[in-house]
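Asker: Residue numbers (the numbering used here), protein chains in the order written: chain A, -2 to 416; chain B, -2 to 416.
These are computed hints drawn from the structure, not numbers from a lab. Don't take every hint at face value.
Identical chains share a label here; the pair holds if one copy fits it or two copies do between them.
Unchecked claim - No more than 30 angstroms apart at the CA atoms, straight line, and that leaves these computed lysine-lysine pairs for DSSO-like:
1. Lys204 / Lys25
2. Lys272 / Lys17
3. Lys391 / Lys25
4. Lys415 / Lys17
5. Lys17 / Lys400
6. Lys204 / Lys343
7. Lys204 / Lys272
8. Lys17 / Lys156
9. Lys126 / Lys335
10. Lys272 / Lys242
This is what each chain is made of:
Protein chains: 2
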Amino acid sequence: MRLRFYNASILSMEDRNVTKGEVWINDKTIEYVGPSKETDGFDEQIDCEGNLLMPTFKNAHTHSAMTFSRSLADNLPLDVWLNTKIFPMEAKLNFDHVYWFTKLAIMEYLRNGISTAFDMYMIRDASNKAAIESGFRISYVSGANDFGGVEELEEEYLKHNEQHELINMQLGFHAEYTTSKENMMKIAALADKYKAPVFVHNSETRKEVDECIGRYNMTPTQIMDELGMFNYGGGGYHCVHFDDKDYEIFKKRNMLAVFNPCSNLKLSSGIADVKRFIDEGIDISVGTDGAGSNNSLNMFRDLYLACVLPNVRGEGNANIDPFILLNGLTSVGPKYMKLEDARFIKAGQKADIMMIDMSNPAMQPVNSIVENIVYSGSPDIVKMTMINGKIVYKDGEYLTLDKKEIIENCNKLVQELKL
Amino acid sequence: MRLRFYNASILSMEDRNVTKGEVWINDKTIEYVGPSKETDGFDEQIDCEGNLLMPTFKNAHTHSAMTFSRSLADNLPLDVWLNTKIFPMEAKLNFDHVYWFTKLAIMEYLRNGISTAFDMYMIRDASNKAAIESGFRISYVSGANDFGGVEELEEEYLKHNEQHELINMQLGFHAEYTTSKENMMKIAALADKYKAPVFVHNSETRKEVDECIGRYNMTPTQIMDELGMFNYGGGGYHCVHFDDKDYEIFKKRNMLAVFNPCSNLKLSSGIADVKRFIDEGIDISVGTDGAGSNNSLNMFRDLYLACVLPNVRGEGNANIDPFILLNGLTSVGPKYMKLEDARFIKAGQKADIMMIDMSNPAMQPVNSIVENIVYSGSPDIVKMTMINGKIVYKDGEYLTLDKKEIIENCNKLVQELKL
């Protein structure tokens, strides 16, 4: 199957430049990017009408199936929200819940130009099925903690890394505050055995950091590093309350810091010092977190806020370069999701591509396409999402998902969960 | 012309309840809201398929034609941005610029379910033409200041209040920091003559307030009230840096406080204490401000941030009721825009109605429709916008605007402005 996109504007994300030209897809891979050449030998040809092709977003931290909890328990601090609302409902979740609520999340991801979820959640066989049927990528990260998941981690890790081309898995665990030192050491041993990076919620709230210091006289980053968890790198989700030594560790270990500003804002967790991470040269990306705390999976809103919310941390403007954050979301994150080959619009890369509707008024006038996307983007500007060479969303229609069935099942299942 | 919406969910905004039923429109007015009755005698019948009808948003503070400056000069403090970037370009604006860039803004407004702009800008004959041709409402407010507009204010005020059913005008001026006491007194005299409210940028930055205190030993709110400006009420845009006496004045004078969180965030102006205004019982609404500082006219983003951004003002969550902000935007703002009869989905009110696409994944599951809209809404969920009984936007199509022509003209004109 060969597909030709022509009359396109192209933001390859290898640099800031936007070029005019064509992108050819051969099966799952980008075959050619450049000026118009041949018009023969294609199975399908799509006139982009000047619209923009760019790499998809890779949602660098989320809990997909948590769509069940959207608008269910708003305006609570993280610990109260987790302990009194979320954990009791999560205890009731079965295969069907995770399957249908992951499908609902995927619907929202596709509208946002997201091709991949770096997804920390349970009952992975159910989300696997949802992702594979949808043609969507999941890079799992374990949410193991003292309540479960540690013993099964190795088996799960091996299984999900051999299962399907759209699925892979990373080592990880929920957080220091839910995981004993003994369990953290088991995870560190696995990291050592597989020479693998470890990903974890890290320093989301002040309370979490203070309590960790109380236990270990070290921050979460420091105790985890001390246990050898980051000998092969890894990353942290949230990264709100960091001290100088934490930054040093992230730098030394070549780790990824993922920002989740909407969730932090809603739960009053604080504001990450995005500028400091950039100035330190640490790799960064952005995630939506789950729909329970965000409450949407609107990647554009998190991208925008990661860029402008740090302005209120101190006096004056943080002056964060919007390209660096956009690049984090399209092209840096995937380095940490075993998707080195799905980062750019470039021959040889996987065809994970979105089309931005340049006729959307929010994208006009074209003083700067990158600034327009970061400061004025919303799901409304996404015209098409292609994953692994397959168009899965176009002009409001889902080509691999049954919208009506998903919505009916999700509403039925959430009513049962609330009983 | 009689139109029947059936199979609808209805959020009238008279209260929080969502009902099932029908909405009939007779010419420009809502004729009936309630359960299914007749099916004969209609010129058009629209099956809502369970989607939600609710009152449109009324953008309570904006500078529509500033779409020219989107992504043009980002990340500067307010005073530098205005003086070095915006004012020099605004000096070059002519009828064509304001006409086409207002049309571009209206395209974006319609996608956001906005029926009315409380619009402070110049060359109003041009924006009039754009609004009337589009079937869009503008409630002007004067941006008079020491550089112009004060002498013409009375004539403009009278003209735009008699001109067209979609257009009206309020007294106002740009801000204390751009307007001498002498000119402010002239405006106060007009307020007295016409027993009219006055609207103005107020306490947007700390610097503005401090300098005003330096000049008058009073805050902007206090000096303006002292001059008799608010004897017949009015309102303030931004309202970020208020003291106790300022709140008292807003309360005593029954004034509207309009929040512009995206603009404040981008320009590092501070965060309004939305909760305090609510607790004081002051009327509130939300505006996008202009596209130069926001940078989008995504009303959902400002609504969301007005609700959650105050969480970072202090310790803990501000616990702002999302319904109060939604109500401010649909139904409180219009009281101050001479649109008392365009506030609710209710017989006798003007038919300014939007349809929310309940099959959008961000609106699912339906744990709470109001929370879904405020916390997860985006232009992507707006299926239809009706203004004054006329459908002007539906399923991505503009029924009164030529998208291609607008985009071409705006790009041509902005290139000239940049020379």
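Asker: Hint by hint, note whether the structure agrees.
Answerer: Going down the list of hints, with the structure as the test:
Within a single copy, Lys204 and Lys25 get their C-alpha atoms no closer than 46 angstroms, and across copies no closer than 56 angstroms, so neither meets the 30 angstroms cut-off. In the homo-oligomer, the alpha carbons of Lys272 and Lys17 never lie at most 30 angstroms apart, since the shortest distance is 32 angstroms inside one protomer and 49 angstroms across protomers. In this assembly of identical chains, Lys391 and Lys25 lie within 30 angstroms of each other by CA distance solely inside one copy; the values are 18 angstroms within and 35 angstroms between copies. For the identical chains of this complex, Lys415 and Lys17 are inter-copy neighbours only, at 23 angstroms across copies versus 52 angstroms inside a copy, given an alpha-carbon limit of 30 angstroms.
Taking the shortest alpha-carbon separations for Lys17 and Lys400, only the inter-copy value of 22 angstroms comes in at or below 30 angstroms, while the best intra-copy value is 35 angstroms. With identical chains, the CA atoms of Lys204 and Lys343 are never at most 30 angstroms apart, being 44 angstroms at best within one copy and 48 angstroms at best between copies. Taking the shortest alpha-carbon separations for Lys204 and Lys272, both the intra-copy value of 23 angstroms and the inter-copy value of 24 angstroms come in at or below 30 angstroms. In the homo-oligomer, the alpha carbons of Lys17 and Lys156 never lie at most 30 angstroms apart, since the shortest distance is 43 angstroms inside one protomer and 48 angstroms across protomers.
Within a single copy, Lys126 and Lys335 get their C-alpha atoms as close as 20 angstroms, which meets the 30 angstroms cut-off; across copies the closest is 55 angstroms, which misses it. For a Cα distance limit of 30 angstroms, the shortest separation of Lys272 from Lys242 inside one copy, 16 angstroms, qualifies, whereas the shortest one across copies, 37 angstroms, does not.
Hint check: violations occur at hints 1, 2, 6 and 8; the rest are consistent with the structure.
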